[in-house]
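*Asks:* Chains as they are written, first to last, in the numbering used here: chain A, 1 to 435; chain B, 1001 to 1246.
Keep in mind that the hints were calculated from the coordinates and are not lab data.
No residue lacks a Cβ here, since even glycine has one placed at the ideal position from N, Cα and C.
Careful, some of the hints might be misleading.
Unchecked claim - Just a few of them, taken from the derived set where beta-carbon distance is under 10 Å, the chain A residues facing chain B:
| # | residue |
| --- | --- |
| 1 | SER3 |
| 2 | PHE66 |
| 3 | CYS75 |
| 4 | VAL87 |
| 5 | PRO90 |
| 6 | PRO249 |
| 7 | LEU256 |
| 8 | GLN259 |
| 9 | TYR260 |
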Amino acid sequence: MASPYISWGRYPLQEQRGRDYHWLPQQLPEQGPYLPQGNARSYGDSCMLQGGEVLSSRFLRRFIGFDPETGVLRCEAGVTLGDILAVAEPQGWFLPVTPGTKFATVGGAIANDVHGKNHHVAGTFGCHVTQFELLRSDGERKICTPRRNKKWFQATIGGLGLTGFITWAELQLKRVPNSAINAENIKYRNLTEFFALSRESEADYEYTVAWVDCLAAGDHLGRGHFSRGNHARPVQPRVAARERSLSMPLVPPLSLVNQYSLTAFNWLYYHRQHQRVHYQTLHYDPFFYPLDHIHHWNRMYGPKGFLQYQCVIPMDASETAIRELLERIERTGHGSFLAVLKVFGDVSSPGLLSFPRPGTTLALDFPYQGHRTLHLFEQLDEVVVQAGGALYPAKDAHMKAEHFQRFYPNAAKLQALKDPNISSSFWNRVMETSS
Amino acid sequence: MKNWIIVGATSAIAEAVCRLWAVRGYRLFLVGRDQSRLDTLGKDYQVRGADAVHSFVMDVNDFDQHAPCWQAAEQQMGRVDGIFIAHGTLPDQSACEESVQQALTEINTNGLSIVSLCTLAANQLQQQGQGTIAVISSVAGDRGRQSNYVYGAAKGIVSIFLEGLRNRLYSKGVQVTTIKPGFVDTPMTADFDKGGPLWASADQVATGIVRAIDRGRNVAYLPWFWWCIMTIIKHIPEFIFKRLSL
């Protein structure tokens, strides 16, 4: 078993203690600083606290109630999205929004206001939260809803765990005719085609996302596979899940992700599909959670870990800025194994510090190679700032304070509502100039 | 339909097992010391699909309550198909060395209470001619070590008692499964540093327990590699073993 409190990217490693709550806490510790944590699926340091204590909700995994008539579900904060699917899916209900892993907890999904392939129609996770309880270090409990304790509701959604400990939450699930997905995988040749496909798919497809071959250059820059889909019709047969999953049993001494494996992987992955469009009806697992199939896949990056770079670029600047980002990455040869593009919609989130906003998001994973990686990130940051974009705290381990405060003008409002005993390594870093 | 009594229902391993059983639509009779925790678990199992969940508040060291507990379970569920015993404490070894009372209390909780519960269960299930007794013992019961021998001795009672019970009940159609987990990440082991290859999650162990019960296993080391480790440890000659600091 890996140490449970390390973030998913395994970088930066932090000196911190962990405390597990096995039953809903009556009160938080008197002595700070600490940070509520779910399953530690954030990539960087937003779920960690150097020199402090993380209060883990990973064992607070109980359902409190579910009404199969209305789809309203109430559960403790450590219930995972996979737990919810296991209960709700057989009864015709589905997660209204899901990120790329079902191992994330409900508390974590709220704290990071996560998004998924249906952002353009459904908005963020926070849009579907009907209420939750917030426990503060002074012992106060607040029931927060879009109306009651509204400012706490808004600050906690996307609030990175800083406003207090979420003990339980209630969500409105979504009725689906069939949990299987009718998916189309379209091989496209360059960035311009990606944007055309996105525009064309927005109205008729609930789920859209693209994988990008980030080592392709020139005329092929931004080429990849565009994946779009809808829930299958009720008459279609149910598709069975794969029973077995794989696991990366240990951390190899060196990253398995390097220039050679990346070049081979990206080329093969792009060319795996011969025809332009491939139609398939699949179980929701491989469609939404292909990486969950390999437990601990983050270990393949070796002992130094990896970083994710996820930004969003406003729509009018999208094509130019993303072209520039991909060119800068390609030029360094510091390719990414998983590069993902998605156009966000304009459904606004209740969250004060939510990351998704109208525009195009690009996410890339990079093995941590010290200065070289951070230097590349600086170059990418220039483009993002220039284009008026933003970076995603849940994925971040490098964002500069001045950038953060520019990307998130509401940061000062969150700072005012932050629990005095709570902080995170991320928060200490990005707020240092203002504190 | 499967109707199970779960003793020590608020323990992390029992909870993980019940989550799996709830999904199968079992009827669960939860036994523990804390009513509000049992209620919390009951709601969870209902949502996950349990056919019915009942609870019974009992301290396992109150031996007089064991028979009424079984009767209540029979009354609530109609019939008992199995009993899963998962309660336990991890004693402070040095406190047990200093206090006889402390040592005996630990032996009571981790050993004798199980003898009492299993004797009762054996007689009831034998009459029925069918059923399962599954008990969490421990790898610690395989050999006494200076760091943990009071707990080990209590678990040794359990393991040997169950061996005999299995032998007695084999011809009567009653299955007896001894579960021997290694290090598990639960509240019982909160004081340990848990980052290592030998540590398993309660979910992993629970999956193994459910499978062992389904397959009618006699003894299940969980995870499996503990069988190898304990085979080696059991075979170290005593004249060497006594010199080791284990």
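*Asks:* Now tell me if each hint is right for this structure.
*Replies:* The hints, checked one at a time:
1. The criterion of a C-beta within 10 Å of any C-beta in chain B is met by A/SER3, whose closest approach is roughly 4 Å, and the hint holds.
2. Taking 10 Å as the C-beta cut-off, the interface hint given for A/PHE66 holds, the closest approach to chain B being about 5 Å.
3. Annotation: interface hint on A/CYS75 holds; nearest CB of chain B at approximately 8 Å, less than 10 Å.
4. Taking 10 Å as the C-beta contact cut-off toward chain B, the hint placing A/VAL87 at the interface holds, the least distance being around 6 Å.
5. A hinted interface residue such as A/PRO90 counts as satisfied when its beta carbon comes closer than 10 Å to some beta carbon of chain B; here the least separation is about 8 Å, so the hint holds.
6. The beta carbon of A/PRO249 comes within 9 Å of a beta carbon in chain B, closer than 10 Å, and the hint placing it at the interface holds.
7. Because the closest C-beta pair between A/LEU256 and chain B is about 19 Å apart, greater than 10 Å, the hint is violated.
8. For A/GLN259, the interface hint is violated, the least distance from its beta-carbon to any beta-carbon of chain B being 31 Å, above 10 Å.
9. With its C-beta approaching chain B no nearer than about 29 Å, A/TYR260 sits outside the 10 Å limit, and its interface hint is violated.
When each numbered hint is compared with the structure, violations occur for hints 7, 8 and 9.
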